[in-house]
Amino acid sequence: MHIMEGFLPAGHAAAWGAASTVCVAAGLRSIAKAVKANPELKMLLGVSTAFTFVLSALKLPSVTGSCSHPTGTGLGAILFGPLAMAPVSLIVLLFQAILLAHGGVTTLGANVFSMGVVGPLAGYGIYRLTKAVGLPSNLTIFLAASLADLATYVTTATQLAIAFPDPTGGFAVSLAKFLGIFAVTQIPLAISEGLLTVLIYSFIQKYSSQELSTLGFALTGEEERI
Amino acid sequence: MPNLKIDTFAYSNRWRHVHPGEKGLLVLSCLTAALLSRTVLIPLVIAVAMSSMTVLGAGIPCREYLRLAALPALFLFWSCLALAVSFTGGDLPLAHFPALSLTIGLSRQGMGQAQLALTRSLGATFSLLFLALTTPMTEIMALLRSLGTPRLLIELMTITYRQIFIFLEIAGQIRSAQEARLGYSSARNAMKSLAAMAGNILLSTLTRARHNHQGLLARGYGDELLFLSPRRSWNVFNLIGASAAGLVLIVSALAIRP
Numbered sequence: 000m001h002i003m004e005g006f007l008p009a010g011h012a013a014a015w016g017a018a019s020t021v022c023v024a025a026g027l028r029s030i031a032k033a034v035k036a037n038p039e040l041k042m043l044l045g046v047s048t049a050f051t052f053v054l055s056a057l058k059l060p061s062v063t064g065s066c067s068h069p070t071g072t073g074l075g076a077i078l079f080g081p082l083a084m085a086p087v088s089l090i091v092l093l094f095q096a097i098l099l100a101h102g103g104v105t106t107l108g109a110n111v112f113s114m115g116v117v118g119p120l121a122g123y124g125i126y127r128l129t130k131a132v133g134l135p136s137n138l139t140i141f142l143a144a145s146l147a148d149l150a151t152y153v154t155t156a157t158q159l160a161i162a163f164p165d166p167t168g169g170f171a172v173s174l175a176k177f178l179g180i181f182a183v184t185q186i187p188l189a190i191s192e193g194l195l196t197v198l199i200y201s202f203i204q205k206y207s208s209q210e211l212s213t214l215g216f217a218l219t220g221e222e223e224r225i
Numbered sequence: 000m001p002n003l004k005i006d007t008f009a010y011s012n013r014w015r016h017v018h019p020g021e022k023g024l025l026v027l028s029c030l031t032a033a034l035l036s037r038t039v040l041i042p043l044v045i046a047v048a049m050s051s052m053t054v055l056g057a058g059i060p061c062r063e064y065l066r067l068a069a070l071p072a073l074f075l076f077w078s079c080l081a082l083a084v085s086f087t088g089g090d091l092p093l094a095h096f097p098a099l100s101l102t103i104g105l106s107r108q109g110m111g112q113a114q115l116a117l118t119r120s121l122g123a124t125f126s127l128l129f130l131a132l133t134t135p136m137t138e139i140m141a142l143l144r145s146l147g148t149p150r151l152l153i154e155l156m157t158i159t160y161r162q163i164f165i166f167l168e169i170a171g172q173i174r175s176a177q178e179a180r181l182g183y184s185s186a187r188n189a190m191k192s193l194a195a196m197a198g199n200i201l202l203s204t205l206t207r208a209r210h211n212h213q214g215l216l217a218r219g220y221g222d223e224l225l226f227l228s229p230r231r232s233w234n235v236f237n238l239i240g241a242s243a244a245g246l247v248l249i250v251s252a253l254a255i256r257p
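Line by line, the protein sequences give chains A and B.
Taking numbering that gives the first Met the number 0, the leading residue of the first sequence gets 0, the next gets one more, and so forth.
Taking numbering that gives the first Met the number 0, the leading residue of the second sequence gets 0, the next gets one more, and so forth.
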């Protein structure tokens, strides 16, 4: 879920922009380091960014019948690690704003923070945690992908509630309102994205783990991340 | 499949040959003015001015323009609903649930907040849509590069932009093949088909990345992708017009208080 262009007041837009700039810079630095060791990685990341954009443009049949779009943050964080996702989602969000009129330039900072920083961190954290506990791998992937989505949605609602506190009830009431109103689309989305990610992951594993491992991805073992 | 209409218009509108810096300057100052204003007046002026410039000036067909603007507008109303609604009664009670001791209503303060956010967002959206519909992505990226965006980011953007269209075409082909085999006949099938499509595209993503890299290496790829960007000349009148309009808007946004 993206905050619309111009929806946040100037101060909030600038503050979230600054926070995201730091994260994107850290991500770019780690990518640059990884690219130096393995030059092919740059192309791989660029192509994967395009994949994320196309994935987010696909319509997903959702549990309640409404249509939603997968975000791909969970899958990306599992494949590339959470740090690389900040620059990747910056590019995806910018392209969505300009090519699809979805989201915006002034709210880019806030959106990158929720989708490119909090979401991937939550997804990756859950992935590592559930893996360490020893849950079955399908459940691990499902939890990582859907909780990454939920974390993104809660962050967005928080950002909106900070910007627009309720006149009578303040921040908490406003947060409850935003969470409630966006739950209609976001909770079904999180469930369907979780299911879709499990299906994608098992599809890749079933048909082409060989090809993936020659490309440097070992889905079953320990992966090399940025 | 979404067919990125905005991109098509960006290459085929009347204002394509205007220097991207001039358009960028105007849009940036409009965005700033819209965000800074505390009344609905300035954002509304921006929204009207930008949409009429896009339709009358750049020659984007009115119907298509409205269709493109409809989706963000829908999202916007959904978001503004949250601002206007109050669960503590408010000034305009709509429904009362005694069992939950809950009153749903519209609060006047919340309505004011929603009004401002709505117009501000409309003004900003139409400004961005103006830039998106008149300036191709490649020129926006060239503009960003000259403004000092890190090279690595620009390069990733360039690769992404090229690949998006390739993937959209592949996705469209896979989709029609799946549809012909009743791949989307039920929600369950649709999920399966989508996963197979995404998995296939992801794989071709990875192989394609390797092929692209090898192809570029064979052509002397060092560290940077270099392109010739079309030479655009600055127009003094446009430049003065854009900066004057931007200045007036920002100053009046700061000056007009509710």
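These are calculated hints, taken from the structure and not from any lab test.
Computed from a prediction, not measured in an experiment: that's the story for all the values here.
It is possible that some hints are incorrect.
[Unchecked claim] Selected chain A positions facing chain B (Cβ under 8 angstroms, derived; list incomplete):
| # | residue |
| --- | --- |
| 1 | Ala9 |
| 2 | Ala12 |
| 3 | Leu27 |
| 4 | Phe50 |
| 5 | Val132 |
| 6 | Ile180 |
[What the hints assert, rightly or not] Each computed DSBU-like pair below joins lysine-lysine, with the alpha-carbon atoms no more than 35 angstroms apart:
| # | chain 1 | residue 1 | chain 2 | residue 2 |
| --- | --- | --- | --- | --- |
| 7 | B | Lys191 | A | Lys130 |
| 8 | A | Lys130 | A | Lys205 |
| 9 | A | Lys35 | A | Lys130 |
| 10 | B | Lys4 | A | Lys130 |
| 11 | A | Lys130 | A | Lys32 |
| 12 | B | Lys191 | B | Lys4 |
Note that CB positions come from ideal geometry on N, CA and C, so glycine has one too.
Here's how the hints hold up against the structure:
1. Ala9: holds, 4 angstroms
2. Ala12: holds, 6 angstroms
3. Leu27: For Leu27(A), the interface hint holds, since the closest Cβ of chain B sits about 6 angstroms away, which is under 8 angstroms.
4. Phe50: Hint on Phe50(A): holds, closest Cβ of chain B at ~5 angstroms, below 8 angstroms.
5. Val132: Violated - the Cβ of Val132(A) stays beyond 8 angstroms from chain B, reaching only about 26 angstroms at its closest.
6. Ile180: Given a least distance of 5 angstroms, the restraint on Ile180(A) holds.
7. Lys191(B) x Lys130(A): holds, 25 angstroms
8. Lys130(A) x Lys205(A): Holds, at about 20 angstroms.
9. Lys35(A) x Lys130(A): holds, 30 angstroms
10. Lys4(B) x Lys130(A): violated, 43 angstroms
11. Lys130(A) x Lys32(A): holds, 27 angstroms
12. Lys191(B) x Lys4(B): holds, 28 angstroms
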